[in-house]
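Number of protein chains: 2
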Amino acid sequence: MFRSHTCGELRSSDNSKEVTLAGWVQTVRKFGSITFVDLRDRYGITQLLFSESLNDQLEANPLGREFVLQAIGTVNVRSNKNPNLATGDIELLVTKFTILNKSAVPPFTIQDDTDGGDDLRMKYRYLDLRRPAVKKNLELRYAVGRSTRNYLHENGFIDIETPFLIKSTPEGARDFIVPSRMNEGQFYALPQSPQTFKQLLMVSGYDRYYQIVKCFRDEDLRADRQPEFTQIDCEMCFVEQEDILNTFEGLVKRIFKEVKNIDYSQTVERITWENAMWTYGNDKPDIRFEMKLTNLKFPAHAFATRQDLSNLVGAVNFKVFDEAETVIAFAAPGCSEYSRKQTDELTEWVKRPQIGMKGLVFIKCNADGSFKSSVDKFYSEEKLKAIAQAAQAKAGDLILIVAGPEERTRKAASELRMYMGTLLGLRKADEFKLLWVLDFPLFEYAEEENRWVARHHPFTSPKPADIKTMIENSPVIEHAAEYLKHPYANIKANAYDMVLNGNEIGGGSIRIYQKELQQKMFAALGMDEAEQQHKFGFLLGAFEYGAPPHGGIAFGFDRLCSLLGGSESIRDFIAFPKNNSGRDVMIDAPGKLDAKQLDELHIQLSS
Amino acid sequence: MFRSHTCGELRSSDNSKEVTLAGWVQTVRKFGSITFVDLRDRYGITQLLFSESLNDQLEANPLGREFVLQAIGTVNVRSNKNPNLATGDIELLVTKFTILNKSAVPPFTIQDDTDGGDDLRMKYRYLDLRRPAVKKNLELRYAVGRSTRNYLHENGFIDIETPFLIKSTPEGARDFIVPSRMNEGQFYALPQSPQTFKQLLMVSGYDRYYQIVKCFRDEDLRADRQPEFTQIDCEMCFVEQEDILNTFEGLVKRIFKEVKNIDYSQTVERITWENAMWTYGNDKPDIRFEMKLTNLKFPAHAFATRQDLSNLVGAVNFKVFDEAETVIAFAAPGCSEYSRKQTDELTEWVKRPQIGMKGLVFIKCNADGSFKSSVDKFYSEEKLKAIAQAAQAKAGDLILIVAGPEERTRKAASELRMYMGTLLGLRKADEFKLLWVLDFPLFEYAEEENRWVARHHPFTSPKPADIKTMIENSPVIEHAAEYLKHPYANIKANAYDMVLNGNEIGGGSIRIYQKELQQKMFAALGMDEAEQQHKFGFLLGAFEYGAPPHGGIAFGFDRLCSLLGGSESIRDFIAFPKNNSGRDVMIDAPGKLDAKQLDELHIQLSS
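Residue numbers (my numbering), protein chains in the order written: chain X, 1 to 607; chain L, 1 to 607.
This list has only true hints and no planted wrong ones.
Here are some, though not all, of the chain L residues that point toward chain X, as calculated from beta-carbon distances under 8 Å:
(1) Trp24
(2) Glu228
(3) Gly546
(4) Ile587
Derived by calculation from the structure, the hints in this document are not laboratory data. C-beta atoms are modelled at their ideal positions from N, C-alpha and C, and glycine is treated no differently.
All chains should be built: construct the whole structure from the sequences, respecting the hints.
Written out as structure tokens, the structure is:
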């Protein structure tokens, strides 16, 4: 050992001890004939004091930032203690030192508040990883992983490794593929998730499986996506939805407690997919704040059972609302006094191409009970009052109304609600609110191919009540224009998403375990029998030999860690992330291969 | 939940309870009007009793092997208890049952002693995994993993994930590669190990890193190799060899205790590589038994400091020994009475092509102190006695002697020693003996290229005493024939292997952390500066910014588990293994790809 103690451990009680420390030089400060060095390692920082007697040696061997230093000396209780440092009560009076390795001047400062830009920090990631903020993130990640493993262990789960070199069965996302040298012209794929393998483990009777496992998706990358990412992947036998929800609420609560010291004792709220869309305009609502949406007008096919309020906005010849498919309002609390400048800014915000609205209608609910709107020309005070009542606006609120085509308008309302939540400080960084979203539609309609696609994945079971509908009806859509009338359009999935502060952190479902139903599902997705056999013959085979009812869930580990760490970016919680072109700029990967390597794999570059 | 209890949990104390069980039908036995069913799940087997009143229902819904069954009933203490079953004190008097899923007749019996052949079991791996023996293996694997994580956690290690999509830098083994869609003509490689990344984490100051991680090597497969395998991968800062040995002896002892309930309290023995080769003929000796080798004759260049015993076998005109480069003997205890048939069988054994000896010489050390050998024609009683003394043979032993070229003969002696150990019952399945092998040569000589290759890997440091030799001498080998006289030939590596019962279970080294030394190492391996920069520029870069002394180790997790489980085959301890052609015969991977997928990846099949 190059040290007897770490740089984070010495205290007053160690006074006069002879110790050896090793670490990195954080700072060198000279005061007259004395030199102070802050020595840093993973565990902390200890101040070293080099007295005059070492000056010759220091001159011959000058210290610099990030030098690796071994220092032998005596622990000394300081008169001027540093309360900001765990070791601030002491310093080390150095008697002997050795420079274990030198350092060039780093390209950026090794501090939380660094002067290094993104590109530079990624190129020198090994230096970036020295910054306390990054270290804290990776330590949090480790703590989340450990908490997860302990909880799942205590609940009877066992970690079973599934293979990485599997078969390409692209559904939705693209696979990364791996040419086989031993099997000419054939390829492995890297798993997008261990989905089918964990189901096979249930068929094999392993009862409760988990894995914290790398998964791979060859998708065009956004800031918060990585080509390789990590999942907490779980599956259980002989369970229904309620069992899964209880088990994994428990997991997240345990993580909150152990990692953030938060007692999440309240009940985790639940909402149906339809209610989420109706009330928040999206399927992963942030429920840290209210500002619920009011659907003043909506197309006949959607939300058929909801109350039609279109009379509130129609019949006054206001073309914007009359021509809009959808009109959605919500009340921003306490904003009735917004200036023209402020409302103009909001209008500009919704007119940005990312949101795509043509404008924004305001109704100010004045403190005196009167109303003032940007559409006073069309709406009487009485009408405005009725709208305000429908939107549950109180005196002092500002009602915001968007109008346009169904999907875009709903998304705009949702985004504007989030934006207002941020503006009003309602999305508090230290508040965590969990939500289960339930009862998703099983299918989405794919217009180009005039067929169904699985909203979650092809292994998700319909709700028990909908199984009959699925079995007894053909999935074929005879009239594309009337796909909404097809019995499959209303089938609900036995699926659930866990949402944290407006982010989906986990999702799963009760699975299909009956061969006939699975075949029907594959058929609905446009697979003929030959394709079913080719891609999933092993799973259909397994379902012939006593497949039990089962279900599971997968959490996005990177996202979960970043949210717990209070960051929007998952990259900050990955030791060696890739950039938006899928490159690791530190090791400079991917790279070119020798012709010999390609030859051995029986492939060549496209000409 | 489809059950209130598992099939392994009910006891006499649960008498009269109403419970619900769910599981698989192991057996159905009809006794008159009563039907007994053994219901199985991961936790055990419970006997169900269907009384006469359920016969109509059973006839309408007949049960078969591997059917998935839910049974509701009352716990009843049995009069005829079954002591072989944890639940053998009770049975369930079934009042209601539901067949949750049917099963076709399985292609082999779901028992430890199955009638299924290897190929069939691999194709239906999901059924094979139901067999208790396989389940026990995967549970043992989980226990080893959990024990490892707990020990390393308690010792300050943190689990940090390293990337799977990296750069191809083949040294020795072939990489699996992954075409990049977003970077045309470029490829990722899957890691053969996280070696450079864990070293960077040390440069970043993470101090103690571990990971239980999948690694990939595209090698031709033997029975005990898999293209994807799992490592316990560890690295530590500011350590010397002694620290690593102590830390990881501790890990293995902890695993022994927690997984096998074995107190491994004895000191872990240590042997130098040279002593291992000298005494056991190989670098991973099984030290559960003695039978040490005696080198009666060996080439001048090898083991230069050892006593020359060639006078014992020479000067009698026995051409076999005279012409042999190497003559090695060992005494098989208590075998002096071996029959002609037995010694003939041993001779045949060493003459097999895998061993490749031309014959075997025997000396029987009779109980009365006399000797009888197969070479009495050449050797006097006195000479035989001298050889027996050198080989430390006692009266009653049988001395076996092999002779031939150095490498092949040493290997033959080693294999014959192991074979005799097995034959004599000295390699006990329930005995575990650990051994550290130390002081390996740093380099091996590659004849074709007339250059050095790293015996361990290019990041292993020479012993401190040899660093100067390495820095100050050119790696170039001027005269191929005299490579043994090159100063590099005698450089020892700061490396260590952990051996368990004759199997290497782990290996590691103290790493190079000085840029100059690392460059010298790369140069010795035939890399010019451009190639060094291209392949390992990031590592050489990292060594410029304060790289600390560090070292580590990696354990073969699959192998470790198989040895603890008492099996020679790692496949038995992998949930979904591949066969010797690298195929997963269950999912039928690898497979062909659509032309579209290849196009997107900018590759095509070789024409």
